[in-house]
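Residue numbers (this note's numbering), protein chains in the order written: chain A, 1228 to 1649; chain B, 1228 to 1649.
If you're looking for bench data, these hints aren't it; they were derived computationally from the structure.
One or more hints might be untrue.
Just so you know, same-sequence chains aren't split out, so a pair can sit in one copy or run between any two.
Only pairs whose alpha carbons sit at most 20 Å apart, straight line, appear in this in silico EDC-like list of lysine to aspartate or glutamate [unchecked claim]:
(1) Lys1543 with Glu1299
(2) Lys1385 with Asp1470
(3) Lys1630 with Glu1409
(4) Lys1543 with Glu1437
(5) Lys1388 with Asp1419
(6) Lys1543 with Asp1266
(7) Lys1586 with Glu1621
(8) Lys1311 with Asp1438
(9) Lys1586 with Glu1629
(10) Lys1422 with Glu1637
(11) Lys1543 with Glu1374
(12) Lys1311 with Glu1299
(13) Lys1622 with Asp1470
(14) Lys1622 with Asp1234
(15) Lys1586 with Glu1628
(16) Lys1586 with Glu1626
(17) Lys1240 with Glu1508
(18) Lys1586 with Glu1633
(19) Lys1385 with Asp1419
(20) Lys1586 with Glu1637
(21) Lys1568 with Asp1249
(22) Lys1420 with Glu1574
There are 2 protein chains.
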Amino acid sequence: MKILIRDVLLDGKRTNILTEGDRIAGIGGVNDRTDAVIDGRGKAAIPGLVNAHTHAAMSLMRGYADDLPLGEWLSNHIWPLEAKLTPDDVYWGTKLACLEMIKSGTTCFSDMYWHIESACRAVEDTGIRGFMSPVFIDQGDSGKAEEHMKENTRLAGKAGKKFGGRVKLALGPHAIYTVSEESLRWAKEHADKEKLLVHIHLSETEGEVEDCLKEKGVRPVEYLEKIGFLGPNVVCAHCVWLDQREMRILGKNNANAAYCPTSNMKLSVGSALDYDGLRREGVTVALGTDGCASNNNLDMFEAMKFASLLQKFHWKSQTALPAREALMMATEGGAKALGLKAGSIREGMLADIALINLKKPELTPNHSLASDLVYAANGSCVDSLICDGRVLMEKGRVEGEEKILEKAMEASKNLACRGNQA
Amino acid sequence: MKILIRDVLLDGKRTNILTEGDRIAGIGGVNDRTDAVIDGRGKAAIPGLVNAHTHAAMSLMRGYADDLPLGEWLSNHIWPLEAKLTPDDVYWGTKLACLEMIKSGTTCFSDMYWHIESACRAVEDTGIRGFMSPVFIDQGDSGKAEEHMKENTRLAGKAGKKFGGRVKLALGPHAIYTVSEESLRWAKEHADKEKLLVHIHLSETEGEVEDCLKEKGVRPVEYLEKIGFLGPNVVCAHCVWLDQREMRILGKNNANAAYCPTSNMKLSVGSALDYDGLRREGVTVALGTDGCASNNNLDMFEAMKFASLLQKFHWKSQTALPAREALMMATEGGAKALGLKAGSIREGMLADIALINLKKPELTPNHSLASDLVYAANGSCVDSLICDGRVLMEKGRVEGEEKILEKAMEASKNLACRGNQA
Chain A
1228 MKILIRDVLL DGKRTNILTE GDRIAGIGGV NDRTDAVIDG RGKAAIPGLV
1278 NAHTHAAMSL MRGYADDLPL GEWLSNHIWP LEAKLTPDDV YWGTKLACLE
1328 MIKSGTTCFS DMYWHIESAC RAVEDTGIRG FMSPVFIDQG DSGKAEEHMK
1378 ENTRLAGKAG KKFGGRVKLA LGPHAIYTVS EESLRWAKEH ADKEKLLVHI
1428 HLSETEGEVE DCLKEKGVRP VEYLEKIGFL GPNVVCAHCV WLDQREMRIL
1478 GKNNANAAYC PTSNMKLSVG SALDYDGLRR EGVTVALGTD GCASNNNLDM
1528 FEAMKFASLL QKFHWKSQTA LPAREALMMA TEGGAKALGL KAGSIREGML
1578 ADIALINLKK PELTPNHSLA SDLVYAANGS CVDSLICDGR VLMEKGRVEG
1628 EEKILEKAME ASKNLACRGN QA
Chain B
1228 MKILIRDVLL DGKRTNILTE GDRIAGIGGV NDRTDAVIDG RGKAAIPGLV
1278 NAHTHAAMSL MRGYADDLPL GEWLSNHIWP LEAKLTPDDV YWGTKLACLE
1328 MIKSGTTCFS DMYWHIESAC RAVEDTGIRG FMSPVFIDQG DSGKAEEHMK
1378 ENTRLAGKAG KKFGGRVKLA LGPHAIYTVS EESLRWAKEH ADKEKLLVHI
1428 HLSETEGEVE DCLKEKGVRP VEYLEKIGFL GPNVVCAHCV WLDQREMRIL
1478 GKNNANAAYC PTSNMKLSVG SALDYDGLRR EGVTVALGTD GCASNNNLDM
1528 FEAMKFASLL QKFHWKSQTA LPAREALMMA TEGGAKALGL KAGSIREGML
1578 ADIALINLKK PELTPNHSLA SDLVYAANGS CVDSLICDGR VLMEKGRVEG
1628 EEKILEKAME ASKNLACRGN QA
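Excised from the complex, chain A in its bound form:
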């Protein structure tokens, strides 16, 4: 499959982009014998956005229980509902999330959730790219730990390989306070052996740091370093409460951070990831939305704006995280953190491309595309989306979207009913 995007704005210049198979085959030259041509006039091409931390199927719980204290929200609403989740729920919830991501310019996401094979199937079916981690929580229970290890070993084998190359299984040890040291060690060793990504929550709240200090005598990142957990295949979501030394350790170990500003604000975690600090230590910072129960959308354009504005506000600097860097965080940064040959539009890179419709009031007058995308746009500016060399959306239309909305609505209503009966 060859696609030609003709006469499109790329890095401020009008040009053509050719894709072949799953790759970008060329910039500039026109190849007449393509299978499809997309008219790029009035549009700008940017790399597909990378959502480095979410729980996709939580789209089913969007708006289900907002504005509550964290403990009540989790214990009385979210966890009871999650206990009732079926593989079918997760399939339709993930499909709903994929649809939302496709429509708002995201070509790749890193997921952590239950019934992961159903989620993988949804990713496979919608055409997006996903790093899929089954939730690994043992709470120190060795029986549970063993189950998770078995399941992860199974998924690293045939069970996971049955999906196409876009769907990559990953390890999802939930957090240091929900997974035993032994299991964390196992997860990292298993991931290294199987060349898998590791996806973990890290230092989202101050309480987590205090507990770690009390129980382990060191801060969370120090603990993870001590047990040999850190490395370039590790993506740590949140990283809100790191001190200088912890940022240095992450940098030294080439570990990655996934910044989730919208979720951090909504759940009022009390501080913000220190982007300048992490950057100084050489840590790659990616951007994530978190799940729809704590955001409540998957719009990476909105996430870029929250990312920059939260840095400016919290760190009291009008120049913090400028637009260009926020855009890079959501593209190159995400791709680098996930170890993906994507995040920029160059020959040889994966053909993951979003086309922006520039004929919108909020993108006029267009003094700076980066500023406009980060501060003025939202996901609705995306006109067309190519992922892995396939057109997933053209002129705002995604095949089968009505059915996804219907089925996800049905799954969600049934789930809420079952939850209320509990």
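Please arrange chain B on chain A, whose structure you already have, making use of the hints.
Quick look at chain B alone, frame taken from chain A:
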């Protein structure tokens, strides 16, 4: 003109809404002899949103100079450009802003800007509702003050009355640090006499409070009270750095606050309006986007999300400014602050209505419409907009939008050229 919105979701129930002239004529009953029928199926009706603080024509400077220190941004970029603004620039800039507001569900805004008659004409031509304040800055220069007084007197007379009822002239004394005490007193007296709204910036930065204490020996709100400036026709934009006593004074005087969370974060003003504190003192809090140079859009859905999340984050409370109250702030709150019989959909209210397209992934599964609108939606969820009993947008289309984009683009590029020549 009679319009029937048939079979639409209103407050959770399917019903019909009838408008007649500029008013909502009835809910529920169907009148067959209407001039137009809008199919409300798959849509929810909400009151048109009220943007209580902006500088509309600054849309021309969107993305012109971001991520700079405040002083440099204003002195080297924004002010030089503003010095070159022509009435024609303001006309097209305001039209661009009105187009963006219409497309994102706003039916009324409160403006403060230069060349206000051009802005009024743009409001008149686009069909939206505007409270239009010419900027009043004298910097203690009595000659300048006199000019402004003359101009405002002229506008309160025939010059202002030539516009339709949707376009209301207002007073715009810029701030306590740019307008002399004498002029502030005059503005309030003039506004009271002519029954006009007064629109002022108040306590946006800590420096403003410190300077006021140094120069006047009291805090900004105390100063305004002392000179008899406060009252129910006064809307104070920002209100970031108020102490308890100042909030009490605003409440006692029935003055109104316009919260601008996105701008406050982008310009890193260092604190946030105290919504709970103001509410306790009975102050009506409206919501504003501020101008496009410091936001950089006019999307009130995005502003609602920033409003709630900034309260949650800054005041460290997961329950602060819940979705339902954020939505009320952007509708009822705005209407009340501006003294407008709008902000809710009831018989006799102004026919300012936004229809939300519910068939969108980010609005699925729709457990709570308020949560979805505030936390998940953006302005692109608006399908149709009625203002003053006229349909300004249907199915996402606004008449003449291409020409507005073109002319605003042209005006902005020319303005930037003139600015660079300076």
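Cross-check of the supplied hints:
Proximity of lysine 1543 to glutamate 1299 under the C-alpha cut-off of 20 Å is restricted to the inter-copy arrangement: shortest distance 16 Å between copies versus 32 Å within a copy. In this homomeric assembly, lysine 1385 and aspartate 1470 never come within 20 Å of each other (Cα to Cα): the closest approach is 41 Å inside a single copy and 64 Å across copies. In this assembly of identical chains, the alpha carbons of lysine 1630 and glutamate 1409 never lie at most 20 Å apart, being 44 Å within a copy and 65 Å across copies at closest. In this assembly of identical chains, lysine 1543 and glutamate 1437 lie within 20 Å of each other by CA distance solely across copies; the values are 18 Å between and 26 Å within a copy.
In the homo-oligomer, the alpha carbons of lysine 1388 and aspartate 1419 lie at most 20 Å apart inside one protomer (17 Å), although the nearest pairing across protomers, at 75 Å, exceeds that limit. For the homomeric pair lysine 1543 and aspartate 1266, neither the shortest alpha-carbon distance inside one copy (43 Å) nor that between copies (48 Å) is at most 20 Å. For a Cα distance limit of 20 Å, the shortest separation of lysine 1586 from glutamate 1621 qualifies both inside one copy, at 16 Å, and across copies, at 18 Å. Neither within a single protomer nor between protomers do lysine 1311 and aspartate 1438 lie at most 20 Å apart by alpha-carbon distance, with minima of 30 Å and 59 Å respectively.
When the C-alpha separation of lysine 1586 and glutamate 1629 is checked against a cutoff of 20 Å, the pair qualifies only between copies, where the shortest distance is 8 Å, while the shortest distance within a copy is 26 Å. When the C-alpha separation of lysine 1422 and glutamate 1637 is checked against a cutoff of 20 Å, the pair qualifies neither within a copy, at 38 Å, nor between copies, at 53 Å. Taking the closest pair of Cα atoms, lysine 1543 and glutamate 1374 never come within 20 Å of each other, the shortest separation being 47 Å inside a single copy and 38 Å across copies. In this assembly of identical chains, the alpha carbons of lysine 1311 and glutamate 1299 lie at most 20 Å apart only when taken from the same copy (18 Å versus 56 Å across copies).
In this assembly of identical chains, lysine 1622 and aspartate 1470 lie within 20 Å of each other by CA distance neither inside one copy nor across copies; the values are 46 Å within and 51 Å between. Taking CA atoms no more than 20 Å apart as the test, lysine 1622 paired with aspartate 1234 passes inside one copy only; the shortest distance there is 16 Å, against 29 Å between copies. Taking the shortest alpha-carbon separations for lysine 1586 and glutamate 1628, only the inter-copy value of 10 Å comes in at or below 20 Å, while the best intra-copy value is 24 Å. In the homo-oligomer, the alpha carbons of lysine 1586 and glutamate 1626 lie at most 20 Å apart only across protomers (15 Å), although the nearest pairing inside one protomer, at 24 Å, exceeds that limit.
For a Cα distance limit of 20 Å, the shortest separation of lysine 1240 from glutamate 1508 qualifies neither inside one copy, at 34 Å, nor across copies, at 55 Å. In the homo-oligomer, the alpha carbons of lysine 1586 and glutamate 1633 lie at most 20 Å apart only across protomers (9 Å), although the nearest pairing inside one protomer, at 31 Å, exceeds that limit. With identical chains, the CA atoms of lysine 1385 and aspartate 1419 are at most 20 Å apart within one copy only, with a shortest distance of 18 Å there and 78 Å across copies. Only between protomers do lysine 1586 and glutamate 1637 lie at most 20 Å apart by alpha-carbon distance; the minimum there is 14 Å, versus 36 Å within a single protomer.
For the homomeric pair lysine 1568 and aspartate 1249, the shortest alpha-carbon distance inside one copy (11 Å) is at most 20 Å, but the shortest distance between copies (57 Å) is not. Taking identical chains as interchangeable, the C-alpha atoms of lysine 1420 and glutamate 1574 are never at most 20 Å apart, the minima being 31 Å within one chain and 69 Å between chains.
In summary, the structure is inconsistent with hints 2, 3, 6, 8, 10, 11, 13, 17 and 22 from the numbered list given earlier, while agreeing with the others.
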